[in-house]
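Student: Could you put together the complete structure from these sequences and hints?
Spelled out from the first residue to the last, the chains are:
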Amino acid sequence: MGNRQEIRELCQRFAAHDRQALSRLLTLASRGEQLEEIRHLVGAARAAPLDGQRGSPSRRVVAITGSPGVGKSTLVGRLIEVLRHQGSSVAVLACDPQSPLTGGALLGDRFRMPSRPEDPQVFIRSLATPGGRGAIPEHIDLMVALLQAFGFAWVILETVGAGQGETAVRHVADVVVLLVQPEAGDDIQWEKAGLFEVADLIVVHKADLPGADKVEAQIRTLVNLPGCREVPVLRVSSHQKEGLEELVKQIEILASQSRTSASSAKARLRDLLRERFVQAFEQLGGQAEELVRGWEEGRLSDEEVFAEVIERMASSSPSAN
Amino acid sequence: MSTATERSAKERWEQEVAQAMSRPQPPTTVSGVPIEPLYTPESLPGFDYDAELGYPGQYPFTRGVHATMYRGRLWTMRQFAGFGTPRQTNQRFKFLLEKGQTGLSTAFDLPTLMGLDSDDPRAVGEVGRLGVAVSTLDDIRQLYDGIDLEQVSVSMTINAPAIVIMAFYLANAQDRGWDWKKLRGTIQNDILKEFHAQNEFVFPPEPHVRLVIDVIEFCTRHVPQWNPVSISGYHIREAGSTAVQELAFTLADGFHYVEQTMARGLAVDDFAGRLSFFFNAHNDIFEEVAKYRAARQLWAETMRHTYGARKEASWKLRFHCQTAGCSLQDKQPEVNLIRVAYQALAGVLGGCQSLHTNSMDETLALPTEHAVTLALRTQQVLAYETGVTNTVDPLGGSYFVEALTRQMADEARRYFDRLQQQGGVIAGIENGFFRREIAEAAYAYQRDVDAGRKIIVGVNAFTEAEEKPIDILVIDDTVEKDRIAALRAIKAARSNEEVRRHLDAIRRTAEAGENLMPVLIEAARARVTVGEAINAMADVFGRYDGAAKW
Amino acid sequence: MYLVATTVPPSGESEIMDKPPVRIVLAKIGLDGHDRGIKVVARGLRDAGFHVIYAGLWQTPESVVRTVADEDADWLGLSILSGAHMTLVPRVLHLLRQAGLEHVGVIVGGIIPESDVPKLLELGVARVFGPGTPIPEIVEFLRGRTPAPSAS
Ligand SMILES: Nc1nc2c(ncn2[C@@H]2O[C@H](COP(=O)(O)OP(=O)(O)OP(=O)(O)O)[C@@H](O)[C@H]2O)c(=O)[nH]1
Ligand SMILES: [Mg+2]
Chain V
223 MGNRQEIREL CQRFAAHDRQ ALSRLLTLAS RGEQLEEIRH LVGAARAAPL
273 DGQRGSPSRR VVAITGSPGV GKSTLVGRLI EVLRHQGSSV AVLACDPQSP
323 LTGGALLGDR FRMPSRPEDP QVFIRSLATP GGRGAIPEHI DLMVALLQAF
373 GFAWVILETV GAGQGETAVR HVADVVVLLV QPEAGDDIQW EKAGLFEVAD
423 LIVVHKADLP GADKVEAQIR TLVNLPGCRE VPVLRVSSHQ KEGLEELVKQ
473 IEILASQSRT SASSAKARLR DLLRERFVQA FEQLGGQAEE LVRGWEEGRL
523 SDEEVFAEVI ERMASSSPSA N
Chain R
10 MSTATERSAK ERWEQEVAQA MSRPQPPTTV SGVPIEPLYT PESLPGFDYD
60 AELGYPGQYP FTRGVHATMY RGRLWTMRQF AGFGTPRQTN QRFKFLLEKG
110 QTGLSTAFDL PTLMGLDSDD PRAVGEVGRL GVAVSTLDDI RQLYDGIDLE
160 QVSVSMTINA PAIVIMAFYL ANAQDRGWDW KKLRGTIQND ILKEFHAQNE
210 FVFPPEPHVR LVIDVIEFCT RHVPQWNPVS ISGYHIREAG STAVQELAFT
260 LADGFHYVEQ TMARGLAVDD FAGRLSFFFN AHNDIFEEVA KYRAARQLWA
310 ETMRHTYGAR KEASWKLRFH CQTAGCSLQD KQPEVNLIRV AYQALAGVLG
360 GCQSLHTNSM DETLALPTEH AVTLALRTQQ VLAYETGVTN TVDPLGGSYF
410 VEALTRQMAD EARRYFDRLQ QQGGVIAGIE NGFFRREIAE AAYAYQRDVD
460 AGRKIIVGVN AFTEAEEKPI DILVIDDTVE KDRIAALRAI KAARSNEEVR
510 RHLDAIRRTA EAGENLMPVL IEAARARVTV GEAINAMADV FGRYDGAAKW
Chain Z
34 MYLVATTVPP SGESEIMDKP PVRIVLAKIG LDGHDRGIKV VARGLRDAGF
84 HVIYAGLWQT PESVVRTVAD EDADWLGLSI LSGAHMTLVP RVLHLLRQAG
134 LEHVGVIVGG IIPESDVPKL LELGVARVFG PGTPIPEIVE FLRGRTPAPS
184 AS
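Chains as they are written, first to last, in our numbering: chain V, 223 to 543; chain R, 10 to 559; chain Z, 34 to 185.
Each hint should be verified, as a subset may be incorrect.
To be verified - Calculated lysine-lysine pairs in the DSS-like style (CA-CA distance at most 30 Å, straight line):
#1 Z:Lys52 x R:Lys477
#2 R:Lys340 x Z:Lys152
#3 R:Lys477 x R:Lys463
#4 R:Lys340 x R:Lys463
#5 R:Lys103 x R:Lys190
#6 V:Lys436 x V:Lys463
#7 R:Lys490 x R:Lys103
#8 Z:Lys152 x R:Lys490
#9 R:Lys340 x R:Lys190
What the hints assert, rightly or not - Computed Cβ-Cβ distance ranges for the label pairs, DEER-style:
#10 V:Asp341 x R:Arg462: 44 to 50 Å
#11 Z:Arg178 x R:Ala453: 42 to 48 Å
#12 Z:Val150 x R:Thr395: 48 to 54 Å
#13 V:Asp341 x R:Ala453: 49 to 55 Å
#14 R:Ala453 x Z:Phe174: 19 to 25 Å
#15 Z:His127 x V:Gln509: 41 to 47 Å
#16 R:Thr395 x V:Asp430: 52 to 58 Å
#17 Z:Phe174 x R:Thr395: 40 to 46 Å
#18 Z:Arg176 x R:Lys490: 40 to 46 Å
#19 V:Asp430 x R:Pro54: 44 to 50 Å
#20 R:Asp485 x Z:Phe174: 53 to 59 Å
What the hints assert, rightly or not - Covered, in the sense of this in silico footprint (three residues per stretch, anywhere, with C-beta under 8 Å from a C-beta of chain R), are these stretches of chain Z:
#21 101-107
#22 139-153
For the record, the hints were derived by calculation from the structure and aren't laboratory data. Beta carbons: idealized from backbone N, C-alpha and C, even for Gly.
Tutor: Next comes the structure, spelled out in structure tokens:
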């Protein structure tokens, strides 16, 4: 699949704003095929935007995360309505876990995102994430870039957040929105508390249900603990269509901050460094085991190990894995 | 109780069982419940005849709701019918009455079931196909033309727009001079199972339930012999549930309606006696019989002790029964006749009040007259030739059946607890609980069949190389055109001004939270259509797109 | 015994393939809400390693085709039990062709009278499956061929 001739043709069709070509390229990217060409294509499009999107509004990439059933897809469906009403185009990448055993997946998110088939300004793609719960698909950054290059002003990612995936989400998204919902019963389990650290915005979703007050109060005490970042908390009900405009407004504000604010950029760079460093270490392969042994036996100092990894990091391109 | 000799007999038996050949798969019911090789008094520890069984017609009604059951009166043989135009269905009704059927059952087409008129663009290709198309009062008039509605009991299988159709029915009856107090029949009007299983709903669960209660309230006051709801497990089972899920979810739905009606200020004893039920009759005879018996027990117990009903009528669970459509196969369709006969037997051994037997060709198309006649004959043979009607609850006291009945009731209670924990029936709909449970059961069943752990004759065993085709009914495409033309003519003749006034009244009443039946009856007379009435309500209630995931 | 031959490993045991997963959109078109069959098939295909995009109930031909396009699906499975298949399926096929998606294979499941099956195949449907078709049969069919239907 995807010989040189074919990919060249796809790229041309993409440049001519052919939606099917976009769809096909997304598939290739998701499978890690033809990455070089696609990167090139995206880069070229960034330099010279496609027709119809000169002077287009600033781009937004928003991640909507939260436990299964918290209402992510429903909310994304509502956001599509609101954004379309405001005249913005929207693309969605909806991620669901894939079975580690069979590789199969049941992708049912778009089902909850009613879209009008005659509206070309909405694009929804379902993705299976091999890494299990919480992970995001490989090359999602490239898929986002493709959608942006094609002209979608907003790209929304739906992911189940509760794993190592959240920091990865931060690299692609300007704003990470975490959904929580009122729970039946008295004891609310905040094992997701770790998630609060990556969230830029917390939404108490299904605010039409009893118990929304209580959850909101609990979250506010949690996020206002000393030493925590200040995180806005909003109440939204997708069923009652309440709080949606406010949510969009908050996302806008946070997105513009996230670009300008140095502290946030610093945080993102810190995450990136951490990840690359670990990645480089793992890429050392057999050499890594030797390093480990040497370090354990005291033959190698910390500094010596770091130097090895840093050297590796400098010499490898990020896509090499 | 076991003496030395008895014990040795038992031991000997156990030894023989251990040595004997047995099937590779341990036997289970259709629902996958393991079954013991033998049931004895030991299977029923602490069994108390009076508390658990009692006498037929008496609390807790395990053995039946009437003292004499079929010795007094046979069940009502009621075959579901409807297709094409109201006139065509009217002819089928008259044909069935001539053949000896004792009650009518009306099937509506999909557009009508979804609250759409025949001329709605979404109805294209579906008008009059799976049932009769009804959009206006004139359609109802034609549908029951020439049938004495004070004599024949009429059942109408419709849910989302049930209140509108009921309003049409009452307007027609009144216009024709029939006395509402003498009308007998049932409207299904059970929206909850639509959310669990059949997906014919329009509004969100809460306003939809409110409409159900409007019908119950109105009929309680004005149409006292009518069953304003038929709380249905049938479709839950068809969607793939187990027998226990069918039992538990149906009763839970029933309890929800009782609570909501009481919340309207009606006394439980004023309406509970008119609540009726509708269960599936699947292939596993004993599992089904146990299900019906457990249902009666659980309902009686809860109505009496939880809701404080005092009248015996309020404790009695009366039910209609239909053989399992999902058990019918398109391979060797005549074999379906045999399945249907055994399923009907289960329904009758379980004490049903009325019965529909499916036709053998229903997996292929709508039934032909020949197939419908055979299905009815199946009931007649059962009633008049087999002797199963000669005594009340002939399986009562069987160690096996009593043990299964107990087991069913216990498992249903566990489901009630689980529902309570998640906040009740509506919460269970919203969070997808019902649908998940049912879909997982359906998938487990299919895997058993695919792997040959469950045998289906003619499908994964005893197959024929050549299938012999049987005649099927073909609906001609003129129906859709006919209906659209008829509807256009009615719309052209009515006063649009008047229609607008009635639609406003519907919106206002919906907004105010008052009973919608009176305004709908008036609207019917002004030829407001089903679709228009539903749209007016949707303006207030909204539409439900939470067609839950799995 | 006398059972159907299951050439496909039972669910849960299928190997992870090196080939990219096959993507199939499953949808119900028309008004009927009987989704037992489509949900069972969705689970069965998932457990056989497919990526199943479940589009759900009440889809129109237009919305189905849009989904197939945006999801870049290899197959489209339509479930229909209402008898409206001769109205709706040809419309879907027409729209697919119009959108340049003739490479997508279409299978149809549900209650389809024997006499309509050849007509649907003629129109470009790759296969019609009756109610209760064993899942392994569907899996085997989908694995056994490339999607391109006779229409191309
Ligand atoms: N009461 C209430 N229920 C909601 C609301 N939004 C969504 N739901 C319900 O929550 C359930 C789950 O919604 P989804 O949108 O599928 O949730 P999700 O987080 O995308 O779920 P997964 O993709 O499975 O992780 C559905 O039954 C929705 O109807 C809301 O605002 N209020
Ligand atoms: Mg989702």
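Student: Hint by hint, say whether it matches the structure.
Tutor: Evaluated hints:
no.: 1; hint: Z:Lys52 x R:Lys477; in the structure: 42 Å, violated
no.: 2; hint: R:Lys340 x Z:Lys152; in the structure: 21 Å, holds
no.: 3; hint: R:Lys477 x R:Lys463; in the structure: 24 Å, holds
no.: 4; hint: R:Lys340 x R:Lys463; in the structure: 16 Å, holds
no.: 5; hint: R:Lys103 x R:Lys190; in the structure: 24 Å, holds
no.: 6; hint: V:Lys436 x V:Lys463; in the structure: 21 Å, holds
no.: 7; hint: R:Lys490 x R:Lys103; in the structure: 25 Å, holds
no.: 8; hint: Z:Lys152 x R:Lys490; in the structure: 23 Å, holds
no.: 9; hint: R:Lys340 x R:Lys190; in the structure: 47 Å, violated
no.: 10; hint: V:Asp341 x R:Arg462: 44 to 50 Å; in the structure: 47 Å, holds
no.: 11; hint: Z:Arg178 x R:Ala453: 42 to 48 Å; in the structure: 29 Å, violated
no.: 12; hint: Z:Val150 x R:Thr395: 48 to 54 Å; in the structure: 39 Å, violated
no.: 13; hint: V:Asp341 x R:Ala453: 49 to 55 Å; in the structure: 40 Å, violated
no.: 14; hint: R:Ala453 x Z:Phe174: 19 to 25 Å; in the structure: 23 Å, holds
no.: 15; hint: Z:His127 x V:Gln509: 41 to 47 Å; in the structure: 60 Å, violated
no.: 16; hint: R:Thr395 x V:Asp430: 52 to 58 Å; in the structure: 55 Å, holds
no.: 17; hint: Z:Phe174 x R:Thr395: 40 to 46 Å; in the structure: 44 Å, holds
no.: 18; hint: Z:Arg176 x R:Lys490: 40 to 46 Å; in the structure: 44 Å, holds
no.: 19; hint: V:Asp430 x R:Pro54: 44 to 50 Å; in the structure: 48 Å, holds
no.: 20; hint: R:Asp485 x Z:Phe174: 53 to 59 Å; in the structure: 34 Å, violated
no.: 21; hint: 101-107; in the structure: violated (count 0)
no.: 22; hint: 139-153; in the structure: holds (count 3)
Violated hints, listed in ascending order, are 1, 9, 11, 12, 13, 15, 20 and 21; each of the other numbered hints is respected by the structure.
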